[in-house]
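Residue numbers (the UniProt record's numbering), protein chains in the order written: chain A, 1 to 262; chain B, 1 to 272.
The hints are simulated quantities; they were obtained by calculation from the structure and are not laboratory data. It cannot be assumed that every hint is accurate.
Unchecked claim - Which bits of chain B does chain A cover? Going by a derived footprint, with three or more residues having C-beta under 8 Å, they are: (1) 103-112; (2) 116-128; (3) 232-239.
Computed from a prediction, not measured in an experiment: that's the story for all the values here. Glycine is no exception: its CB is placed at the ideal position from the N, C-alpha and C atoms.
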Amino acid sequence: MDISRAVRTVRRLLPAILLGVLLLVGWELYVRISGVRPQILPAPSRVFAQGIAHSSDLWRHASATLQVTLIGCSLTLIVSWLIATAVDFIPWFRLSVTPFLVASQTIPIVAIAPLMIIWFGFGTLPKVLVIILVTFFPITLGLIEGFLTTSPTATALLTSMGASRWQIFYRLRVPQAMPRFFTSLRIGVTYAVVGAIFAEYVGARAGLGLYMSAQKNSFRTDLVLAAVALTALMSVALFLFTYLVQRIVAPWTVVTGKDTRG
Amino acid sequence: MSANTPLRSAPGLPLKISNVSKSFATNRDVRPVLTDISITVNRGEFVSLIGPSGCGKSTLFNILAGLDRADSGEVVIDGVTLPLTGSAKRFRHRAAHCAYMPQDDVLFPWRTVLDNAILGLQIAGTGRAEARARARDLFPAFGLTGFEDAHPEHLSGGMRQRVALLRTVLQGTNTLLLDEPFGALDSLTRTDMQDWLHGMWRDMGWTILLITHDIREAVRLSDRVIALTPRPASVRGIIELSRPRGDGFEPSITSQEMMRAETTLTTLLHNT
Chain A
1 MDISRAVRTV RRLLPAILLG VLLLVGWELY VRISGVRPQI LPAPSRVFAQ
51 GIAHSSDLWR HASATLQVTL IGCSLTLIVS WLIATAVDFI PWFRLSVTPF
101 LVASQTIPIV AIAPLMIIWF GFGTLPKVLV IILVTFFPIT LGLIEGFLTT
151 SPTATALLTS MGASRWQIFY RLRVPQAMPR FFTSLRIGVT YAVVGAIFAE
201 YVGARAGLGL YMSAQKNSFR TDLVLAAVAL TALMSVALFL FTYLVQRIVA
251 PWTVVTGKDT RG
Chain B
1 MSANTPLRSA PGLPLKISNV SKSFATNRDV RPVLTDISIT VNRGEFVSLI
51 GPSGCGKSTL FNILAGLDRA DSGEVVIDGV TLPLTGSAKR FRHRAAHCAY
101 MPQDDVLFPW RTVLDNAILG LQIAGTGRAE ARARARDLFP AFGLTGFEDA
151 HPEHLSGGMR QRVALLRTVL QGTNTLLLDE PFGALDSLTR TDMQDWLHGM
201 WRDMGWTILL ITHDIREAVR LSDRVIALTP RPASVRGIIE LSRPRGDGFE
251 PSITSQEMMR AETTLTTLLH NT
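The task is simple: from the sequences and hints, build the whole structure.
This is the structure we're talking about:
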C-alpha cells in the first residue's frame, strides 16, 4: 500500500465526499435560516450530537440488527448454494423451483413480517426468516445464472478429458459463477439490512428498527435519523465487506484497473 | 527426453477412421454432416484436415474427442475401438480418446499457467504435486519458463496457445487433435507458432491431426493433407508431401513442391 495508491483512492472518493458535504451544509443552512422545529426536521449537526449522546443505546440496537443480519445472510448462503447446486445438476428441479423463487420475491414484506411475529414471536427467528425471504431470491438466481454462463467450449474440453459431471461442476462451473455470485451477494446483503430493520420495526426486543419506531413515537426525529444514518453505514460496510471476501475467494474476478503485464 | 515423449505406447495405428458418417436431425429433415469418411494416421505423422468453413471438420473432431457420436463407421485409437454408436446416454471413452485442443485456448483465469497446464492430469486423477512436477519439466521446451505462476491474462496470444498445447500434451495420449490452434493469432505470431509446432512435433515424436482452413499452414506442416468437400463432408483428395523438404525443414521457404501442393489444394477446394 504505497502513497501513490492512497492518493489515487482519495481522488476517486473525493467527488462523492464533496457532494455529501455539500448536501449536509445545504440541509444545515436550511434548518438554521428557516427555523423549522427539530421535531419536524433536525439539523445534521443536531442529529450527530444526539447520536453521540445516545451512542450506547444506538450501539446496543445496532449490534442486535447486525447479528440477525449476519445470521440471516449465512443461512441464505447455505440454502441458496444447496438449491442452486441441485438446480444445476437436476434440470427438472429448475423447472419446479423457479416459480417458487419468483413467488417468494413477490410476497409483500409489509404483510408477511407482522404474520411472522404472530407465528414466531419477538425473538430472532422471525427476523432471520424475513431476511432469508428478501435475500434468498437474488443470491440463488445469481448462482444459478452464474453456473449457466459456463462456456460450452470449456465444458467440451473437460468432457474430452474424461471429466465427470461433478468435476465439471467444481473445477469449472463454480469458479465461472463467481463474478455473478458476488454481484448478487452485494444486492442480497443490502436488502438484508433493510429486511432486518423492517422486521424489527414491526416488533422486536432490540434492534435499530425497534429503536426507530420507539423514537418516532416520542417525536425524537433526530434520533430516528441518527439510526437511519447508522443503518446506511452498516449496509455500506457489509457491501464493502463482500469486496474483501471476493478479493480473497476469487481474486481473478477483481479488476485491478492496473496493467500488470510485463 | 523420457518425460517428453508420449506416455502410452499402444500397439496398432494411432488413429484409424473408417467409413464414419453422421447426420443431424432437425425438426424438418435429417441433414448429413459427414459421409463415409476414412482417414488413417500413422505413428509420428502430421496430418492436416482442410475444408471449407462449416463443412463438418469440427464435428469429426468432436467424435474423435468423445464429445459426439457417429451414426455409422468405426474409429480405432491406439488399437482401441471407440464406442461410437452405442445408445447409452453416457458414451464417454475415458481411456481411448485423443488429447483435444479446441480452437479457443480455454485457459481458466482462476488458474495460474502451471495449474492450467495440469488440468487434464488432475481430471485423470493425478495428484496436484506430481502433475505440477511433470508440467514443470516441459516448461523450457514450451518456452514458458518463468511464467509458471503468471495468470493467463498476462500472456500474449502465442504464449496462451503454447500453454493450451502443453495442457493437451500433458494428457499423455499418443495422438493430438488440434482444432485450428492458430486461427486467432496475427499472421506474424502465427508463422512463428507454426515453426515452433513443427520443431516440437519433430523432436517429441507426436502424432498430430490438425484442422485448418489455411492451405499454406496445412502444406507447411503436414506429411499429408486431406481435403474435404463442403457439407456434408467427404474426403475429396489426399496430398502427400515428402520430407525432408530440401535440406532440412525450412518452413519460411516455399519450395516448388509446396507451391504445387498449394495449387492442387486450391483447385480441389474451390471446384465444387
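Self-check item: Within 8 Å of chain A (C-beta), three or more residues of the stretch 116-128 of chain B
Solution: holds (count 5)
Self-check item: Verdict on chain A covering the stretch 232-239 of chain B, criterion of 3 CB contacts below 8 Å
Solution: Since three or more residues must qualify, the claim that chain A covers the stretch 232-239 of chain B is violated, with 0 doing so at under 8 Å.
Practice problem: Examine the stretch 103-112 of chain B: at least three residues should have C-beta closer than 8 Å to a C-beta of chain A. | Solution: holds (count 6)
Hint compliance for this structure: hint 3 alone is broken.
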